[in-house]
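First to last, the sequence lines map onto chains S and L. Heads up: the first sequence runs through residues 1 to 456, numbered per this note's numbering. Heads up: the second sequence runs through residues 1 to 456, numbered per this note's numbering.
In case anyone wonders, no lab produced these hints; they're calculated from the structure. Be a bit skeptical, because a hint or two may be false.
In silico PhoX-like links for lysine-lysine, alpha-carbon gap of 20 Å or less [what the hints assert, rightly or not]:
hint: 1; chain 1: S; residue 1: Lys-412; chain 2: L; residue 2: Lys-30
hint: 2; chain 1: L; residue 1: Lys-385; chain 2: S; residue 2: Lys-283
hint: 3; chain 1: L; residue 1: Lys-135; chain 2: S; residue 2: Lys-78
hint: 4; chain 1: L; residue 1: Lys-271; chain 2: L; residue 2: Lys-285
hint: 5; chain 1: S; residue 1: Lys-230; chain 2: S; residue 2: Lys-197
hint: 6; chain 1: S; residue 1: Lys-30; chain 2: L; residue 2: Lys-21
hint: 7; chain 1: S; residue 1: Lys-30; chain 2: L; residue 2: Lys-30
hint: 8; chain 1: L; residue 1: Lys-172; chain 2: S; residue 2: Lys-385
hint: 9; chain 1: L; residue 1: Lys-412; chain 2: S; residue 2: Lys-30
hint: 10; chain 1: S; residue 1: Lys-385; chain 2: L; residue 2: Lys-283
hint: 11; chain 1: L; residue 1: Lys-172; chain 2: L; residue 2: Lys-62
hint: 12; chain 1: L; residue 1: Lys-385; chain 2: S; residue 2: Lys-172
hint: 13; chain 1: S; residue 1: Lys-78; chain 2: L; residue 2: Lys-89
hint: 14; chain 1: L; residue 1: Lys-412; chain 2: S; residue 2: Lys-89
hint: 15; chain 1: S; residue 1: Lys-21; chain 2: L; residue 2: Lys-30
hint: 16; chain 1: S; residue 1: Lys-436; chain 2: S; residue 2: Lys-407
If you want the footprint, here are the derived chain S segments under chain L, 3+ residues with CB under 8 Å [as the list claims (entries may be wrong)]:
hint: 17; stretch: 6-13
hint: 18; stretch: 37-46
hint: 19; stretch: 90-98
hint: 20; stretch: 158-166
To be clear about the criterion: a stretch of chain L counts as covered by chain S if any three or more of its residues have a C-beta under 8 Å from a C-beta of chain S, and this derived list gives those stretches [to be verified]:
hint: 21; stretch: 73-80
hint: 22; stretch: 91-97
hint: 23; stretch: 105-114
hint: 24; stretch: 213-224
hint: 25; stretch: 349-355
We put the CB at the ideal spot given by N, CA and C, even for glycine.
There are 2 protein chains.
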Amino acid sequence: MAQIIGIPKGTRDFNPDQMIKRNFLFDTIKTVFQQYGYLPIETPAMENLSTLMGKYGEEGDKLLFKVLNSGNYLSRVKPEMIQEESLGKITTQISEKGLRYDLTVPFARFVVQHRNDLSFPFKRYQIQPVWRADKPQKGRYREFFQCDVDVIGSHSLLNEVELVRMIDDVFKQLNIEIVIKLNNRKILSGIAQTIDKPEMITDLTTAIDKLDKIGLEKVYEELLQKGFSKENIDYLAPIIQLQGDNGQKLEALQGLIGHTTEGSLGVTELKTVFQHLSTLNIKAKIELDQSLARGLNYYTGAIIEVKALNVLIGSICGGGRYDDLTSIFGLDGMSGVGVSFGADRIYDVMEELELFPENVHHTTQVLLVNFGEEEVGHSLLLLEKIQQSGIRAELYPDSDKLKKQMKYADQKGIPLVLLVGEEEIKSGSYNLKHMKTGLQENITIEQLIKMINISL
Amino acid sequence: MAQIIGIPKGTRDFNPDQMIKRNFLFDTIKTVFQQYGYLPIETPAMENLSTLMGKYGEEGDKLLFKVLNSGNYLSRVKPEMIQEESLGKITTQISEKGLRYDLTVPFARFVVQHRNDLSFPFKRYQIQPVWRADKPQKGRYREFFQCDVDVIGSHSLLNEVELVRMIDDVFKQLNIEIVIKLNNRKILSGIAQTIDKPEMITDLTTAIDKLDKIGLEKVYEELLQKGFSKENIDYLAPIIQLQGDNGQKLEALQGLIGHTTEGSLGVTELKTVFQHLSTLNIKAKIELDQSLARGLNYYTGAIIEVKALNVLIGSICGGGRYDDLTSIFGLDGMSGVGVSFGADRIYDVMEELELFPENVHHTTQVLLVNFGEEEVGHSLLLLEKIQQSGIRAELYPDSDKLKKQMKYADQKGIPLVLLVGEEEIKSGSYNLKHMKTGLQENITIEQLIKMINISL
Numbered sequence: 001m002a003q004i005i006g007i008p009k010g011t012r013d014f015n016p017d018q019m020i021k022r023n024f025l026f027d028t029i030k031t032v033f034q035q036y037g038y039l040p041i042e043t044p045a046m047e048n049l050s051t052l053m054g055k056y057g058e059e060g061d062k063l064l065f066k067v068l069n070s071g072n073y074l075s076r077v078k079p080e081m082i083q084e085e086s087l088g089k090i091t092t093q094i095s096e097k098g099l100r101y102d103l104t105v106p107f108a109r110f111v112v113q114h115r116n117d118l119s120f121p122f123k124r125y126q127i128q129p130v131w132r133a134d135k136p137q138k139g140r141y142r143e144f145f146q147c148d149v150d151v152i153g154s155h156s157l158l159n160e161v162e163l164v165r166m167i168d169d170v171f172k173q174l175n176i177e178i179v180i181k182l183n184n185r186k187i188l189s190g191i192a193q194t195i196d197k198p199e200m201i202t203d204l205t206t207a208i209d210k211l212d213k214i215g216l217e218k219v220y221e222e223l224l225q226k227g228f229s230k231e232n233i234d235y236l237a238p239i240i241q242l243q244g245d246n247g248q249k250l251e252a253l254q255g256l257i258g259h260t261t262e263g264s265l266g267v268t269e270l271k272t273v274f275q276h277l278s279t280l281n282i283k284a285k286i287e288l289d290q291s292l293a294r295g296l297n298y299y300t301g302a303i304i305e306v307k308a309l310n311v312l313i314g315s316i317c318g319g320g321r322y323d324d325l326t327s328i329f330g331l332d333g334m335s336g337v338g339v340s341f342g343a344d345r346i347y348d349v350m351e352e353l354e355l356f357p358e359n360v361h362h363t364t365q366v367l368l369v370n371f372g373e374e375e376v377g378h379s380l381l382l383l384e385k386i387q388q389s390g391i392r393a394e395l396y397p398d399s400d401k402l403k404k405q406m407k408y409a410d411q412k413g414i415p416l417v418l419l420v421g422e423e424e425i426k427s428g429s430y431n432l433k434h435m436k437t438g439l440q441e442n443i444t445i446e447q448l449i450k451m452i453n454i455s456l
Numbered sequence: 001m002a003q004i005i006g007i008p009k010g011t012r013d014f015n016p017d018q019m020i021k022r023n024f025l026f027d028t029i030k031t032v033f034q035q036y037g038y039l040p041i042e043t044p045a046m047e048n049l050s051t052l053m054g055k056y057g058e059e060g061d062k063l064l065f066k067v068l069n070s071g072n073y074l075s076r077v078k079p080e081m082i083q084e085e086s087l088g089k090i091t092t093q094i095s096e097k098g099l100r101y102d103l104t105v106p107f108a109r110f111v112v113q114h115r116n117d118l119s120f121p122f123k124r125y126q127i128q129p130v131w132r133a134d135k136p137q138k139g140r141y142r143e144f145f146q147c148d149v150d151v152i153g154s155h156s157l158l159n160e161v162e163l164v165r166m167i168d169d170v171f172k173q174l175n176i177e178i179v180i181k182l183n184n185r186k187i188l189s190g191i192a193q194t195i196d197k198p199e200m201i202t203d204l205t206t207a208i209d210k211l212d213k214i215g216l217e218k219v220y221e222e223l224l225q226k227g228f229s230k231e232n233i234d235y236l237a238p239i240i241q242l243q244g245d246n247g248q249k250l251e252a253l254q255g256l257i258g259h260t261t262e263g264s265l266g267v268t269e270l271k272t273v274f275q276h277l278s279t280l281n282i283k284a285k286i287e288l289d290q291s292l293a294r295g296l297n298y299y300t301g302a303i304i305e306v307k308a309l310n311v312l313i314g315s316i317c318g319g320g321r322y323d324d325l326t327s328i329f330g331l332d333g334m335s336g337v338g339v340s341f342g343a344d345r346i347y348d349v350m351e352e353l354e355l356f357p358e359n360v361h362h363t364t365q366v367l368l369v370n371f372g373e374e375e376v377g378h379s380l381l382l383l384e385k386i387q388q389s390g391i392r393a394e395l396y397p398d399s400d401k402l403k404k405q406m407k408y409a410d411q412k413g414i415p416l417v418l419l420v421g422e423e424e425i426k427s428g429s430y431n432l433k434h435m436k437t438g439l440q441e442n443i444t445i446e447q448l449i450k451m452i453n454i455s456l
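Bound-form chain S, shown alone:
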């Protein structure tokens, strides 16, 4: 009896073709991380809800996948609670754990919990899936992978420089052309200060962050709606519309917001970062974007965002500096800075631009045809010899028709097929078929091994 089968919406199976490409992507990223001295950690899929709740705002709390307590989870639920429909109250009674929503909060929890065993500055990377009960849509999943790289316990702007270099390296190696946008929270604070509305910084940045998407007019509309005056907007206009290269923009910002404490600090920090970067060999386009806010309130210094050129897709990497992250778990004074690579979006970019290298597939290099019981013992010995020389090889397990075995090789993308029949065994010279060209040749096992190992 057939059953309707499937997987939860917003989740995915990855088949071998996708997995091999994904592994190529992750391996490239990991290798760069290691090159710069970052070390891997992993945290559990489930965290205590006390760790997660309240860290992502009210909306975030709703998007957490909550796990039912084991055993009689209802023991503390009274029927009246259902009548009152006090969902939140019941949830805390029946669920203590949730699936992680991102890697940042678990990392902060990890640092605080293990602070006595870590040496600071602690440079870590972490590549794991995260889960959000978001409405699934094209390119947005309920289970997706984040690749986070952070350094915690250092205020030095050299970390910002390093992150930009790593971003450049990763995308250089993946052959993706990018622009890296940089800003600093202190620039945004400075802007809010110049119009004497420091307390309205969130409304201000949320509005001007949308410049790319909705255009100047709509940004002004939103600002007015949020309670900024016409005068404010006149003052903001030249800041929002800042033009020129990064040096020119910095000069202009110095004039426009340099008189505020925060603004002046922000300009200085950005100048330092740009100055270091200018001496180094960076391929990516780097752009000061004074409207960049990334909506996240916990950034306190640098704000970083990466967009792919030549393709219509949102940001593929982003992050910044957060001075207070571990203070939510009671550990103050731990400044951190890091970025997160959006693996799923980067994958989509690479598929769209056909950037996965052809030889990324680590499939079987040679298939030995199975001619039946008589020949199979000999084939096994050949197989062992071939594999021991480091070649990926397999013997077709059943003595199916030759056509079926050839089709198997073809579908699996196996480039070479070796026919080990009665005659071949006698002569010690086997018939090798090149699947791409259809060419056949007679070859000894030693010649075959040599041929494959040379062509690597």
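Based on the hints, put chain L in the right spot on chain S.
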């Protein structure tokens, strides 16, 4: 305000040291899998409960971690239900998804769901965490990793031979001495048939499977308790206590159960597997164990179990053939055979026997000391040069005291520290400290790069 922090019981954080060792373990296993033509897949952490429930027995259902539905999950729960305490009924109303309990059932679901896109025999491996609400204890976790390798869609016993070869290869490369125990469900059926109790095969195998743990007397006791007669036990005694090498055991089994249909088939299958293996270069000890059942009812042919020698720990790898796995999802006739490597236990064995190679750590190879703003620009250029030659290097981000920077290198296990001070910059010859010996030498960057690349 400090908050009590921690992670759910039975789960773990992995620090860099553990991660690097775990990655070494997984990479070794993956490389062997690929060598034999197996390809990776991954499935979502959450599966529909309709996929999972009923597949692991009543006990298994209880151990599933169930995920609360999003939104107003209570909409279908009535207060009366709470009063009736109908836990199961309420659970189905408020939870539709669960965390995967193993990789076998998701794999069966995957095969059925994607059967039109797969070419059979389909050889796949899958390395992912699984979750069980088991009582945590030493060596048993609520989140742990399985490494499964299976071939589905082939009845050939060559697959069994291949699995034994792969097991041998994996543990040979990990330097773990093992014994591979082999049995066949048909041997167990044959035994049940010879005493005319085929319907009691589960009770029979459950009891004799415990031979190693509880000894002969207790096994007999359990059999009597389960309703087997004294006469049955007299007949079973020589079968249970079978001695000798594999050939002798097979001969004896032929005499004892060869007259039953199943018993005869079982002996023939085992003979074929042993015959092939005898011609190949296998390092592990291979042992026919006629009492091996692995408690799992879905095995229909081969049963495989691996134990590490020289260490007191349960099985570290096991599996077998299951002819009907995909039929639970409506697809018949798909015979599969595979094994699962218990990554966490293998890790423990390697730690206990100190088998992780010393050079497994891919930490930073050289640290550049930070002497302050004046020198840092020059250091960045050197760093870039060193990294571009493929060396893992980092510049300490802050101009902390030398002692602190040295301590950082020491704790992170960085073998070389380069001092880039004012004098050194002028001369182009830098002071290099070998952390292990304490030796110092003057060296140019070109010499440093050459030195590290040669020592690899």
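Structure-based check of each hint:
no.: 1; hint: Lys-412/S <-> Lys-30/L; verdict: holds (18 Å)
no.: 2; hint: Lys-385/L <-> Lys-283/S; verdict: holds (15 Å)
no.: 3; hint: Lys-135/L <-> Lys-78/S; verdict: violated (27 Å)
no.: 4; hint: Lys-271/L <-> Lys-285/L; verdict: holds (16 Å)
no.: 5; hint: Lys-230/S <-> Lys-197/S; verdict: holds (13 Å)
no.: 6; hint: Lys-30/S <-> Lys-21/L; verdict: holds (15 Å)
no.: 7; hint: Lys-30/S <-> Lys-30/L; verdict: holds (17 Å)
no.: 8; hint: Lys-172/L <-> Lys-385/S; verdict: holds (16 Å)
no.: 9; hint: Lys-412/L <-> Lys-30/S; verdict: holds (18 Å)
no.: 10; hint: Lys-385/S <-> Lys-283/L; verdict: holds (15 Å)
no.: 11; hint: Lys-172/L <-> Lys-62/L; verdict: violated (38 Å)
no.: 12; hint: Lys-385/L <-> Lys-172/S; verdict: holds (16 Å)
no.: 13; hint: Lys-78/S <-> Lys-89/L; verdict: holds (16 Å)
no.: 14; hint: Lys-412/L <-> Lys-89/S; verdict: violated (46 Å)
no.: 15; hint: Lys-21/S <-> Lys-30/L; verdict: holds (15 Å)
no.: 16; hint: Lys-436/S <-> Lys-407/S; verdict: holds (13 Å)
no.: 17; hint: 6-13; verdict: holds (count 6)
no.: 18; hint: 37-46; verdict: holds (count 9)
no.: 19; hint: 90-98; verdict: holds (count 6)
no.: 20; hint: 158-166; verdict: holds (count 5)
no.: 21; hint: 73-80; verdict: holds (count 6)
no.: 22; hint: 91-97; verdict: holds (count 5)
no.: 23; hint: 105-114; verdict: holds (count 5)
no.: 24; hint: 213-224; verdict: violated (count 0)
no.: 25; hint: 349-355; verdict: violated (count 0)
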